[in-house]
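Participant: The listed protein sequences derive, respectively, from chains A and B. The opening residue of the first sequence carries number 1 in my numbering; numbering runs sequentially from there. The opening residue of the second sequence carries number 1 in my numbering; numbering runs sequentially from there.
Hint data in this document are derived by calculation from the structure and do not stem from the laboratory. Idealized CB from N, CA, C, for every residue including glycine. One or more of the hints may lead you astray.
Said to hold, decoys possible - Which chain A residues face chain B? A few, computed with CB under 7 angstroms, are given here:
hint, residue
1, ALA143
2, ASN166
3, TRP181
4, ALA187
5, PRO281
6, MET282
7, THR305
8, LYS314
Stated by the list, open to error - Here are the simulated EDC-like cross-link-like pairs (lysine to aspartate or glutamate), alpha carbons at most 20 angstroms apart as the crow flies:
hint, chain 1, residue 1, chain 2, residue 2
9, B, LYS146, A, GLU372
10, B, LYS117, B, GLU60
11, B, LYS169, B, ASP108
12, B, LYS82, B, GLU64
13, B, LYS82, A, ASP176
14, B, LYS117, B, ASP99
15, B, LYS71, B, GLU142
16, B, LYS82, A, ASP76
17, A, LYS350, A, GLU400
18, B, LYS169, A, ASP76
19, B, LYS146, A, GLU371
20, B, LYS77, B, ASP180
21, B, LYS190, B, GLU64
22, B, LYS190, B, ASP180
23, A, LYS232, A, GLU418
24, B, LYS174, B, ASP99
25, B, LYS174, B, GLU110
26, B, LYS174, A, ASP176
27, B, LYS169, A, GLU372
28, B, LYS77, B, GLU64
29, B, LYS174, B, ASP108
Stated by the list, open to error - Listed next, the stretches of chain B that the computed footprint assigns to chain A, with coverage defined by at least 3 CB atoms under 8 angstroms from CB atoms of chain A:
hint, region
30, 53-66
31, 82-90
32, 163-173
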Amino acid sequence: MSFPWAQEYAPAHPFMKWVDEKLPLPRFVYNAVGAGYPVPRNLNYFWNFGILAGVCLMLQIVTGIVLAMHYASNADIAFSSTEHIMRDVNWGWMLRYAHANGASAFFVVVYIHIFRGFFYGSYKAPREMIWLLGVVIFLLMMATAFMGYVLPWGQMSFWGASVITNLFSAIPLVGDAVHTWLLGGFAPDNAALNRFFSLHFLLPFVILGVVILHIWALHIPGSSNPTGVEVKSESDTVPFHPYYTAKDGFGLAVFLLLYTAVLFFAPNALGHPDNYIPANPMQTPAHIVPEWYFWPFYAILRAFTQNFLFFPAKLLGVLAMFSAILVWFFLPWLDNSPVRSGHFRPTFRKFYYLLVVDMLVLGYCGGSPAEEPYVMVSQIATAYYFLHFLVILPIVSMVETPAPLPFSITEAVLGADESAALAAE
Amino acid sequence: MTDNAIADTSDTTAQDAAGLGVRRRDFINIAAVSAAGVGGAAVLVPLISQMAPSADVLAESSTEVDLSAIKPGQAIKAVFRKQPVFVRNLTPSEIAAADAVPLASLRDPETLEQRTKPGHTNWLITMGVCTHLGCVPLGTGEGEPKGEFGGYFCPCHGSQYDTAARIRKGPAPKNLMVPDYVFETATTVKIG
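Make a model of the complete structure from these sequences and hints.
Facilitator: Right, here's the structure in full:
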């Protein structure tokens, strides 16, 4: 789809005309990320993070494929082969650090992308499908990142695999059987490592597929924008190329500066020293934590310490952790306000910032040891997290009086819109 | 099927009117789809079953442990199915402490007698795998923390086990699992 004023692909060169007739792939690209895609003229830098996430995915796929050429997914030599990459393979240290920190960069970008969506109501009609696909991508990313972290077969890899697969043993009745089936044994070992490697290789391409659906769904209504007012006329839009290719290019340069700064000057800052100790099934490290991007959800898992009615604490924690993400699937229907952008929703905006703080508190608690006061703080923050989505959002969207919206994107940008005067007549 | 359905319209209408709407083609259709469905489901069996433990993993299922060197108050970690097993020689005071706990107060009520073999109540043999999320609790080695109840302490999420390795505090739902084992002689056990 596109707006009626979208520029049409018109190849000049005979060869490109020939290609366009046989397989209109260049036309497809032109309409997706070229001059054929009209985009609201007022996008701010928060709209940069979709492209950045795409760049991160490609970065992970490229570095991952070359790392797989040197890595051996056998429990006896996986750790050594990782060290072989770090010490012996030409540029291996850089490729592995790029991949490990690339995962962190990917999650930074995606968290900002998601919270952009929370603030600007990007999940609202007619963009629900984009949002739902986005949550699917996030879940796939979490699975992929978890399995990737297991591959070096260090202490954190091993015990991370042990703890996370044990989550499934919380399922009533069949839990232990499911746990053994997932691992192909009674504890993580060769079978588990091999299947994690296989799936870690596969899932990024599944993500790529869902990303294509995500962008396809985006191009049906077109991009949202900071006012949340839909595009009304040609003056509200500019062609994606060259306007946003240039803006996104600048954002990408800034991103790459920050990413390479971490990569070259602090490549282990986000890792755990314990993962440079080979996996030892006989000894658990004193303080096991997942990677930082799982901390908020890990805090929710650990917040449940008491049995409730027939539900053991372990099952409650597991259910709460998964529900914390699954609740995002219902977001388009929990927030019923017709106004999209947080800029025009004064009450919503305050709760939005509280949610950001709540996530940061959960993240901090998830990275801390399982002792007081962190347990109690994560219990309060977990309660608030669910309260925000299940109670506060529906109520706020019913009772709030939004601020007056601009007539159009053009009016919001220029202060006046000629078509507004026409509409008033 | 649509092509023929269109071609047969007059015919089927006549049959419908007579209450004879079922055609031979419908039978073939249902039979073909059912056969494909059963075949598809059968293909899933090896695809799902291959993920279960393989024969060599299942074969590693018994371990012999020599108890003669373990003095009262000491414990060792043995290996069973590539997982730790705690073998602990309880002191009389540890046995008394375990027996003094009222069963009703326990999350997973079991007596020390139920968790040991008759005549060998001082030998507490359990898996060294926390029933919360599978970490190895501390408390076997000299000087390791044993938790508030003098048994085992799991550092991952703070579960505490008593001198009968029963869950007393923290998120774990069950007591440390007692594996199948037999005393082959007075000082050797075969686990698994």
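Participant: Do the numbers back the hint for LYS314 of chain A, that is, is its least Cβ distance to chain B under 7 angstroms?
Facilitator: 5 angstroms, holds
Participant: Could you grab the alpha-carbon distance between LYS77 of chain B and ASP180 of chain B and see if it respects the 20 angstroms cut-off?
Facilitator: 16 angstroms, holds
Participant: With a cut-off of 8 angstroms between beta carbons, are at least three residues of the region 163-173 of chain B near chain A?
Facilitator: holds (count 4)
Participant: Against chain B, is ASN166 of chain A within 7 angstroms by beta-carbon distance?
Facilitator: 4 angstroms, holds
Participant: With a cut-off of 20 angstroms on the C-alpha distance, tell me whether LYS190 of chain B and ASP180 of chain B pass.
Facilitator: Holds, because 9 angstroms separates the two Cα atoms, which is no more than 20 angstroms.
Participant: Has the given pair, LYS82 of chain B with GLU64 of chain B, been kept, meaning a C-alpha gap of at most 20 angstroms?
Facilitator: Since the Cα atoms of LYS82 of chain B and GLU64 of chain B sit roughly 14 angstroms apart, the hinted pair holds (cutoff 20 angstroms).
Participant: Run the distance test for LYS146 of chain B versus GLU371 of chain A: straight-line Cα separation, threshold 20 angstroms.
Facilitator: 16 angstroms, holds
Participant: Regarding the hint that PRO281 of chain A lies at the interface with chain B, is the smallest CB-CB distance below 7 angstroms?
Facilitator: 6 angstroms, holds
Participant: Is the straight-line distance between the alpha-carbon of LYS169 of chain B and that of ASP76 of chain A 20 angstroms or less?
Facilitator: 37 angstroms, violated
Participant: Can you confirm whether the C-alpha distance between LYS146 of chain B and GLU372 of chain A stays at or below 20 angstroms?
Facilitator: 19 angstroms, holds
Participant: Take a quick look at whether LYS174 of chain B and ASP176 of chain A sit within 20 angstroms of each other, Cα to Cα.
Facilitator: OK: LYS174 of chain B and ASP176 of chain A at ~13 angstroms, within 20 angstroms.
Participant: Keeping to a limit of 20 angstroms between CA atoms, is the pair of LYS190 of chain B and GLU64 of chain B held or broken?
Facilitator: Holds: LYS190 of chain B and GLU64 of chain B sit about 4 angstroms apart, inside 20 angstroms.
In this structure, the hints that do not hold are numbers 1, 10 and 18, in rising order.
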